[in-house]
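2 protein chains.
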Amino acid sequence: MEQFDSLFKIEDIFALWLSTVGLERETMRITEDGDLATTPHPKALGNRSFHPYIQTDFAESQLEFITPPYESSETLINWLSGIHQVAYQVMESDNEYFWPLSTPAYVPEDRDSIKVAQLDNEVERGYRTHLAAYYGKDVQLISGIHYNFQINPEVLKRKQPESMDRVSFMNAIYSKLGRNYLRYRWILTYLMGASPYIADNYATELYGKPHKRMMRSFRQSRYGYQNKADVYVRYDSLEHFIEDLEQAVASGQLSVEKELYRDVRFRRGNPYRELLQKGVSYLEFRNIDLNPFATYGIEQGDIDFIKLFIITLLYLPDVETNEAVDKGNTYNFQTAEADPTDLPIDMDEIRQFLGKMKTLATTLDRNRPQKASLINLIESKEAMIDRPDLTLAGRIIEACPSPSDFLAFGIDLAKDYRELYQDKPYLLHGFEQLELSTQDVLKEALIAGIEFDVVDTTGNLIRLEHDDHVEFVKSANMTSHDTLISYYLMEDKVVTKKLLADVGVRVPAGVSFKNPDEAKAYFPQIEYSAFVIKPKDTNFGLGITIFTERPSQSAYDEALKLAFAEDDTVLVEEFVQGTELRFYVQDGSTRAVVERQPAQVVGDGKHSISELIDIENTNPLRGERHLAPLTYIEKGSAERLQLSEQNLDFDSIPAEGEIVYLRRNSNISTGGVSIDRTDAAHSSYHRIAEHSAEALGANFCGVDIILTDYSQEARFDNYAVIEANFNPMITLHRHPGRGQAHRVGRDVLKQLFPEVAFSTEGHFIG
Amino acid sequence: MEQFDSLFKIEDIFALWLSTVGLERETMRITEDGDLATTPHPKALGNRSFHPYIQTDFAESQLEFITPPYESSETLINWLSGIHQVAYQVMESDNEYFWPLSTPAYVPEDRDSIKVAQLDNEVERGYRTHLAAYYGKDVQLISGIHYNFQINPEVLKRKQPESMDRVSFMNAIYSKLGRNYLRYRWILTYLMGASPYIADNYATELYGKPHKRMMRSFRQSRYGYQNKADVYVRYDSLEHFIEDLEQAVASGQLSVEKELYRDVRFRRGNPYRELLQKGVSYLEFRNIDLNPFATYGIEQGDIDFIKLFIITLLYLPDVETNEAVDKGNTYNFQTAEADPTDLPIDMDEIRQFLGKMKTLATTLDRNRPQKASLINLIESKEAMIDRPDLTLAGRIIEACPSPSDFLAFGIDLAKDYRELYQDKPYLLHGFEQLELSTQDVLKEALIAGIEFDVVDTTGNLIRLEHDDHVEFVKSANMTSHDTLISYYLMEDKVVTKKLLADVGVRVPAGVSFKNPDEAKAYFPQIEYSAFVIKPKDTNFGLGITIFTERPSQSAYDEALKLAFAEDDTVLVEEFVQGTELRFYVQDGSTRAVVERQPAQVVGDGKHSISELIDIENTNPLRGERHLAPLTYIEKGSAERLQLSEQNLDFDSIPAEGEIVYLRRNSNISTGGVSIDRTDAAHSSYHRIAEHSAEALGANFCGVDIILTDYSQEARFDNYAVIEANFNPMITLHRHPGRGQAHRVGRDVLKQLFPEVAFSTEGHFIG
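Which chain is which? The protein sequence lines are A and E, in order. For the first sequence, the numbering used here puts the final residue at 766, and the numbers step up evenly by one. For the second sequence, the numbering used here puts the final residue at 1532, and the numbers step up evenly by one.
If we strip away everything but chain A, and leave its shape as in the complex, we get (with noise of 0.2 angstroms):
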């Protein structure tokens, strides 16, 4: 094959880089004392058999995390960090930690205790029972990193030769990079290994008791996943490997293809024959180690560094001969099997190596000006050649040099990482950068297992897909199920106005003008007590006048001056007084009620005004202005002036159960707070917002109502509606200051996907 050895230019780096990478993270649920967790897999997930994101491996307390293909070491760990904090966000029991390390520090004497994943697949679950039998269950404790590499797509559709076909072409490149990774792995195993201890009892049918205590990689080396030596695949033509591997499985070997344990898998063939038709479409490699340093089992430079590694492999010449992946082999058990301290064992090939990474890295780099450097991280792995101890085995046994210390080491990590994981519980982490709402709608299909793409970030743009049923999604809940129309409908408070009246609902009465004069000759007509001036569009409430009971005319002069100032259509309305509540309606139904509240504090005879504020300030629902579900509340100029509106400042000690408010207007951004009153509203006003929303033929719709009592039924006298609201927040209900939250992001979902079983079990905190 050694046509392909200079196949690629060094300007096809660029498209080379934009290859895609997919991780799966695998862990074990642990105690708190290192035990292996006794819960069961989280419920609240639903069917794992499907979950596309987290699903179990062979043990059911062992965990594992699927991102999916991105180019962007970037948003891989964005997507590990969603499914890590999700993960522990529906985990069954308050006392679990992820364990850290791609080996086990605890083996339970009692093996039994150690349970097969509880699958639904019978077959599955069979096979697992094979594998426990036939190579013990120790070894399925061990964790690890599968890196799944795609080459971009475009590149080999411009690099195919006109005398091959698609198929040939594919499979011929990526039996190509398989035994060049095979062959030079072990340079990533000497750098990137990390498992250098184990449990003492740990034992493996094959091998029986490790040889050391202490090693580069106890997961790599032959205590780790390995066949019978017996088992022996070439790799020198995709045709052989998968000839030898039949062989295997017939002559019962392998039970089945898949108990191959190699470090490379050819994927999408299934079984491995119809790749000769399909041709291979990525490789899987799974040969990395857990970092007990990277909160998320690896670093984003490691995802970085391990792409251009594999490359880097495109651009070598082809090894080709299975003599020379056997090498490759033994130079990797070697390696794993050394002590974490001593070097590599072909310190040219490894320089040569990484000299050949750096000519693309310096390239790459040129045109990335923004990003970390490619070639300082090459650098500092190029200081590990004659430095072991710069290693990543080298650093454990440096932060833990006795094997007895490794439990306690392991757990010290996982609980750091736990306080990570659960910090900003409303957020989706990695996600931060969308609305809190879009967070909560992505969170809930990461739980739900319906696939999602940010198709964009500052359009809070997002794409779901279950099966073949997409969905796109805008801000949380503008979708498919809302017709452009009624969006207009809603847009215009006077349209919006007019059909609710249509129907019988009750709104504020009022006339809107063009014109200042007739706005002027039409005082003697207003038929109503109290009203309200406004311009027809608002922002900050500049412009409007209250008027609760009846002006001069003068007054009513001015106030349409102000209103016509902001605005070429002026509004007098009827001014309702009473509380105001918003109502979420979804699909003809009410889903959640709240009242929102000026920024206020309860006193309790002791404590300042000030100092009551610093104590709601710590509340963890409350953050930065739209970074948090509620906002701290400041000590600025409008909340002076409000405080000596009622005679207080800063420094007065209110009474014990005193409200004291902080602001006149009600809004969250300044410090406001949301009340639930989903239950102790009337169900009356579910009733008539249901229908206001039916009028503007709505599915999504935020009715605000102004009330004199939610308690008391809805007449035609003590409510109006005051506005419609096309996007309505969903953070107010998810995440109220007081009262029931809501999960109303889950419930748009189950109305995009009415065909996914959204999970009734389990919990969910966050």
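Careful, some of the hints might be misleading.
[As the list claims (entries may be wrong)] Chain A is faced by these chain E residues, among others (derived, beta-carbon under 7 angstroms):
{"id": "1", "residue": "1129"}
{"id": "2", "residue": "1135"}
{"id": "3", "residue": "1222"}
{"id": "4", "residue": "1225"}
{"id": "5", "residue": "1235"}
{"id": "6", "residue": "1238"}
{"id": "7", "residue": "1244"}
{"id": "8", "residue": "1249"}
{"id": "9", "residue": "1281"}
{"id": "10", "residue": "1283"}
{"id": "11", "residue": "1295"}
{"id": "12", "residue": "1298"}
[As the list claims (entries may be wrong)] List of simulated lysine to any residue pairs, SDA-like, C-alpha gap at most 25 angstroms:
{"id": "13", "chain 1": "A", "residue 1": "536", "chain 2": "E", "residue 2": "1198"}
{"id": "14", "chain 1": "A", "residue 1": "514", "chain 2": "E", "residue 2": "918"}
{"id": "15", "chain 1": "A", "residue 1": "157", "chain 2": "E", "residue 2": "1292"}
{"id": "16", "chain 1": "E", "residue 1": "1137", "chain 2": "E", "residue 2": "1036"}
{"id": "17", "chain 1": "E", "residue 1": "1044", "chain 2": "A", "residue 2": "716"}
{"id": "18", "chain 1": "E", "residue 1": "1137", "chain 2": "A", "residue 2": "510"}
{"id": "19", "chain 1": "E", "residue 1": "1280", "chain 2": "A", "residue 2": "74"}
{"id": "20", "chain 1": "A", "residue 1": "514", "chain 2": "E", "residue 2": "1128"}
{"id": "21", "chain 1": "A", "residue 1": "258", "chain 2": "A", "residue 2": "343"}
{"id": "22", "chain 1": "E", "residue 1": "925", "chain 2": "A", "residue 2": "575"}
{"id": "23", "chain 1": "A", "residue 1": "520", "chain 2": "E", "residue 2": "837"}
{"id": "24", "chain 1": "E", "residue 1": "1259", "chain 2": "A", "residue 2": "456"}
{"id": "25", "chain 1": "E", "residue 1": "1264", "chain 2": "E", "residue 2": "1484"}
{"id": "26", "chain 1": "A", "residue 1": "9", "chain 2": "E", "residue 2": "1012"}
It should be emphasised that the hints constitute simulated quantities derived from the structure, not laboratory data. The structure displayed is predicted, hence computed values, not measured ones. Heads up, the beta-carbon is just placed ideally off N, CA and C, and yes, glycines get one too.
Assemble the complex: chain A is given as a structure, and chain E must be docked to it using the hints.
Here is chain E on its own, set in the frame of chain A:
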């Protein structure tokens, strides 16, 4: 019923003025010679029996135009003008006019040639045949205005005495109003009677040939619509009225209840007895003659005048008795049969009545500073009290002193009006404040008999209704058939491209940058030789640079600088050369295709470019920007520059057939021209446009495709979709500068109202 005599206070006039009026205007279709038109009712209107706006009355050639009820006389006139225009545009023959007077100037000697309306309903046809036999066909040639009046229901709600139920109150109020109207309507007849002549050979079965050749109003005389004298109904109560009417039918004096010809009809009961349960809903006043000096049969001022006349009747004491009604009838006959030069029959009564009206008008005027003065209107009528020559009948005989000129007088007016009706056929007269495209949809609705209302003029938001099916439409094709999310998918051009590329539609390759350094560094990676650098959102082409061959890095950097000055996101995009075509897709199929070309003239070897522009600007499709399908070509600096680039100026005389472009851009708003390419464009592009719309989930979609040659099948490299628009202009296709027009506005309605049988017959010019 004197209990109501002081029911209304002076301040109630504002609310009473919000009462609604609906108009019906009848007219005979005639030929240039004054003959009755022999063509059928316009087939394009579909089944007339259900048409809300354009029907036939008695004769096949008698049109009846019906407006919906509105508060404002301006709106009513607008509706009349739209209906008149449309009725002309669907006429079956070019040689037809609307006879502008109430009485015919010509009655065919062969009465059989007066065809009864060819209605589907057999009973209705039979009824008309009976009328023709009983009253004679001549009387059926008489036309007029019916004035429907509903008291503002809000006022009635407020005024309803506690002692009365709603139905009794409505019936009491409306029967008082009916009585009073009958008592005083002679005043209207004096002022506005307008049928002083009638055809020589005109005769009725009941009263024979008129005894005079000229009177104030033949239509309201005994020679108009009159029952036999022995038909007598009491008006002193609704119960009496119904009793007498039923008796007249039972005794055979009348064939059916509606054969009772009286100037007041109680509406919304059939049979009338239903009114006793349901309550009168409004009154129909049937005594208004057509005003031949008014383009649409009635002046806007007279709509207001009659309204105030009616409201005044509500303020006046109830005349109560049948004797008073009889007196009113007598007065009215006498007024109608008087000479047009005679003074009013009761000078005091008319003076007092108008005086009372002035009191109300004074109050109203104070609060309508922007509207025409009602006081002036009444004063102009007051002037007629001792100047019969100023009344309508007086003016007619002044303009046409001899009965023998009556036919010519009417035809001259009819011709003038036809010219007005035919002006700017692409508009919907009376609705010119809306966008052209919305006018077109409304016009199609008017033709199809779908009821409509303008909800918001500046927003181009309309409401359509057929039976109980309601649809809202904004800007002609934003409807309930598009989803809110598809709007956002099309709004973001980057997202659009992404989604189209995903489904295999070719879009210009490209990358977007937020960072100038990254954009600069990208230069070596650009793989296409021709490309464009542009701000993500651009207006008027600012910041765009097109490279048709590979530039230097410094030229590239300079172009980036220009683009980043306009937007914080800049696209580097493949530049696809070719012709740009707009594909208008609806509901999965391409309905029309146009090419837009820059403003241009074609030489004739004689005229200068300046003269050719003048000639082109006489094209009736051209007008002011956005107010006509095409825009006047200017002779400004942009045009001068474009000419000078071709070494031409405005005085150059291009050779015959030579096309001279006056602009670089092809926007219609700068004189560009749209050319229909629906059939010319290869069907493969139709499919690509449809596929693109589908990928975006768009029902209405304007897909812009750049292509090398529209007659050649699409391959991967000869086209690119550059944009998809969620609100594609329909005027481009409806009124292309050249080629086939497509009624895409009608297609909108067809999809919204699949249950409506759109006529496939007849034709439509406009």
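* Satisfaction of the residue 1129 (chain E) interface hint, Cβ to chain A closer than 7 angstroms -> 9 angstroms, violated
* Asked: Given the hinted pair residue 925 (chain E) and residue 575 (chain A), is their alpha-carbon gap at most 25 angstroms?
  -> 24 angstroms, holds
* With a cut-off of 25 angstroms on the C-alpha distance, tell me whether residue 1044 (chain E) and residue 716 (chain A) pass. => 24 angstroms, holds
* Does residue 1012 (chain E) lie within 25 angstroms of residue 9 (chain A) when you go C-alpha to C-alpha? -> Answer violated: residue 9 (chain A) to residue 1012 (chain E) is near 101 angstroms, above 25 angstroms.
* Pair hint outcome, residue 520 (chain A) versus residue 837 (chain E) [Cα-Cα no greater than 25 angstroms] -> Cα-Cα ~21 angstroms, so holds.
* Asked: Close enough to count: is the Cβ of residue 1295 (chain E) nearer than 7 angstroms to one in chain A?
  -> Violated. Min distance 16 angstroms.
* Asked: Holds or violated: are the alpha carbons of residue 157 (chain A) and residue 1292 (chain E) at most 25 angstroms from each other?
  -> 17 angstroms, holds
* To do: Classify the hint on residue 1244 (chain E) as holds or violated, based on whether any CB of chain A lies nearer than 7 angstroms to its CB.
  => For residue 1244 (chain E), the interface hint holds, since the closest Cβ of chain A sits about 5 angstroms away, which is under 7 angstroms.
* Could you grab the alpha-carbon distance between residue 1259 (chain E) and residue 456 (chain A) and see if it respects the 25 angstroms cut-off? => 11 angstroms, holds
* Asked: Per the CB criterion, is residue 1222 (chain E) less than 7 angstroms away from chain A?
  -> Check passed: Cβ of residue 1222 (chain E) comes within 6 angstroms of chain A, closer than 7 angstroms.
* For the hint on residue 1283 (chain E), just tell me whether its beta-carbon gets within less than 7 angstroms of chain A. => 4 angstroms, holds
* Are the Cα atoms of residue 514 (chain A) and residue 918 (chain E) separated by 25 angstroms or less? -> Within the cut-off at roughly 23 angstroms; holds.
Checked against the numbered hints listed earlier, the structure breaks hints 1, 5, 11, 12, 16, 21, 26; every other hint is satisfied.
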